[in-house]
Amino acid sequence: MSVGNGGSAGHLAVRDLSIHFPTDDGLVRAVDGLSFTLERGKTLGIVGESGSGKSVTSLGILGLHKGGHARISGEIWLDGEELVSASADAVRKLRGKKMAMIFQDPLSAMHPYYTVGHQIVEAYRIHNQVSKAAARRHAIDMLGRVGIPEPAQRVDNYPHEFSGGMRQRAMIAMALSCDPELLIADEPTTALDVTVQAQILDLMRDLQREFDSALIIITHDLGVVAELSDDILVMYGGKCIEYGTADDVFYRPEHPYTWGLLGSMPRLDRAPTERLLPIKGSPPSLINVPPGCAFHPRCPYEERTEGRASTEVPGLLETEGGHLVRCHLPREERRAIWENDVKPMLETT
Amino acid sequence: MTTYIIRRLIGAVIMLLIVSMVTFAIFFLVPRLAGATPESLASRYAGRTATAETQKLIADRLGFNDPLVVQYGRFVKGLVAGSEFDTGASIEQCPAPCFGYSYITQQPVWPDLVDRSRVTLSLAVGAAAIWVFAGVAAGVVSALRRGSFFDRAAMGIALAGVSLPVFFTGMISLVFFSYSLGLTAPGGTYVDFTVNPAQWAYSLILPWITLAFLFAAGYARLTRAGMLETMNEDYVRTARAKGLPERTVVVKHGLRGALTPIVTIFGLDFGLLLGGAVLTESTFSLNGLGKYAIDAITNNDLPKVMGVTLLAAVFVVVANLIVDLLYAVVDPRVRLS
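Chains as they are written, first to last, in my numbering: chain S, 65 to 413; chain D, 23 to 359.
Worth flagging that the hints you see were computed from the coordinates, not collected in a lab.
Do not take every clue at face value.
Each computed DSS-like pair below joins lysine-lysine, with the alpha-carbon atoms no more than 30 Å apart [as the list claims (entries may be wrong)]:
1. D:Lys274 <-> S:Lys196
2. S:Lys161 <-> D:Lys78
3. D:Lys99 <-> S:Lys162
4. S:Lys407 <-> S:Lys106
Some chain D residues close to chain S (C-beta under 7 Å, calculated; not the full set) [what the hints assert, rightly or not]:
5. Gly148
6. Gly265
7. His275
For glycine and all other residues, C-beta sits at the position ideal for the given N, C-alpha and C.
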């Protein structure tokens, strides 16, 4: 494991990360040249449709990308240690301890045959030399901190004896049991009731402050991201297409795909008769990513690039103060489209 | 839970009653429908040379002239409370559970059954230990190295194991390991565990392996299929995300999740086997329940056949019950009610 100053740019620094899977049908470029940094105490939202590579990114950071055939390149720096070149065993020892993950469906993500307490104790004891009794006390303490009532009794329950929200709380307790510096939540609220979703998001925000960890939220739900994120990274076809602060992405979005995402979000403040503005077409196959800009077949402004969109991959360029956009349209034109066409359509009529 | 067990036990008793009725009907009603008379049944006890009068006398004493229901009632009563047999010279006490007397040897069946069970149990326990260990281990490794040489070889051997009958593999291995190489005991040399445990294992090692080969194959395939499924489960990914070593992930999380069907099948296989491993016992000349049954059938020795059948039914029914109870232990989501 190489130790250096590579991580100084942020607590977590991902540089030019690519994860490719060779398959019989061709090379799947699940993640292609992704870079971002994240400080402790900050939250990054990674947004994209299914198959945009956002989950593979998170699994790649943890070293859990499936299949021994995956080709991973680039750098992942966590707290001064580089993970891509580190041995599998070294990364395993960091998993759960320095970086932990919360999964989408807490029912299937917990082992049905072990008690919740046992699963937390297991996560804690693998990285801490403590007695079973001490680990159990810690598990009860953690369950209490994530808001599970009567934790001393519930610790001996099986996952199926918990409600969906309780299960996700228990998953969070498990993930935070070793006080990780980086917490990755992959669609943490998608499988939950709407009423529970808000509670879980509140809990995650509170706990993140308490534990001062860096948090990555992966979701397709812009509402979740708006609630929690400091920064937002929009992924499409395995690439970052827009990156900036939450304000940048929500109030000054410059990529047509981001506009599309905002347009397909249902909002209460819009007239019920008004239709959503879905993005036409479907996400690209990661095997045959369209040439040029991966979004061009679905982009309503494609013809304005005079053919460059279908031939030339646009660079991820800074538009203003750390706000990055990957688009061929000239900046002035993008802003004009946003101000004059898109924004008025999104706002209340 | 307790009510569940009681209910299941009552069900088991009813099941055994039905089995006994069916067996009894097959052995005593069907011959009569086919034209057998009480005298011809009695001739089995009396021998071929007996006079017609002797036959009639014996038929009377054994109650072959009574209605079938009465005979069945007497049979069940013998099982529960024991019974007496009038051999002519004296009255024999047959203590419960009384399965009657052998037509051929004139000996009570039950002590025979107990005796033979020891052999079959020895055979089944040793073979089961081998096949569970070998089968599950091969299945796990095959699943983890899916498509590898090991996987293909193991599954090929597994296919051979299921397909080749015991009398074939048994004979081949006897010829090779016993008679050519002299490594293992020849057939028919059973030594009881209480006499000499080492000799016991030596006398049984070849039958164990032969029988285990037949069963291990199924367990390997079952384990492999289960592991391929569970290793893709989210909870295995969670286990990895916790930073557990791969061995713990595979055994504690993956294999544990695949265990339920294995436990089920094992209970049923083992119960069935206790009723007699007919082919293995015949091949290796082991005097277990299976060989006992074969001999009894060959000699038309009805009480013996009845005895083995009922005992085997008891094993299967009890194994079923244990499997159902084990479900709740293996899978905490199962509620017995």
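Hinted pair lysine 274 of chain D and lysine 196 of chain S, Cα distance within 30 Å = Holds - the C-alpha atoms of lysine 196 of chain S and lysine 274 of chain D are around 17 Å apart, at most 30 Å.
Is the Cα-Cα distance between lysine 161 of chain S and lysine 78 of chain D 30 Å or less?
-> Violated, at roughly 88 Å.
Status of the glycine 265 of chain D interface restraint (C-beta, 7 Å, chain S) = holds (3 Å)
Can the restraint linking lysine 407 of chain S and lysine 106 of chain S be considered satisfied, given a maximum Cα separation of 30 Å?
-> Given that 30 Å is the threshold and the Cα spacing comes to 28 Å, the pair holds.
If you draw a straight line from the CA of lysine 99 of chain D to the CA of lysine 162 of chain S, is it 30 Å or shorter?
-> Answer violated: lysine 99 of chain D to lysine 162 of chain S is near 72 Å, above 30 Å.
Identify whether the interface hint at histidine 275 of chain D stands, where standing means a beta carbon of chain S within less than 7 Å of its own.
-> Since chain S brings a Cβ to about 6 Å from histidine 275 of chain D, closer than 7 Å, the hint holds.
Would you settle whether the hint for glycine 148 of chain D is holds or violated, based on the nearest Cβ-Cβ distance to chain S being less than 7 Å?
-> Since the shortest Cβ distance to chain S is 29 Å, the answer is violated.
When the structure is compared with the earlier hints, violations turn up for hints 2, 3 and 5 and for no others.
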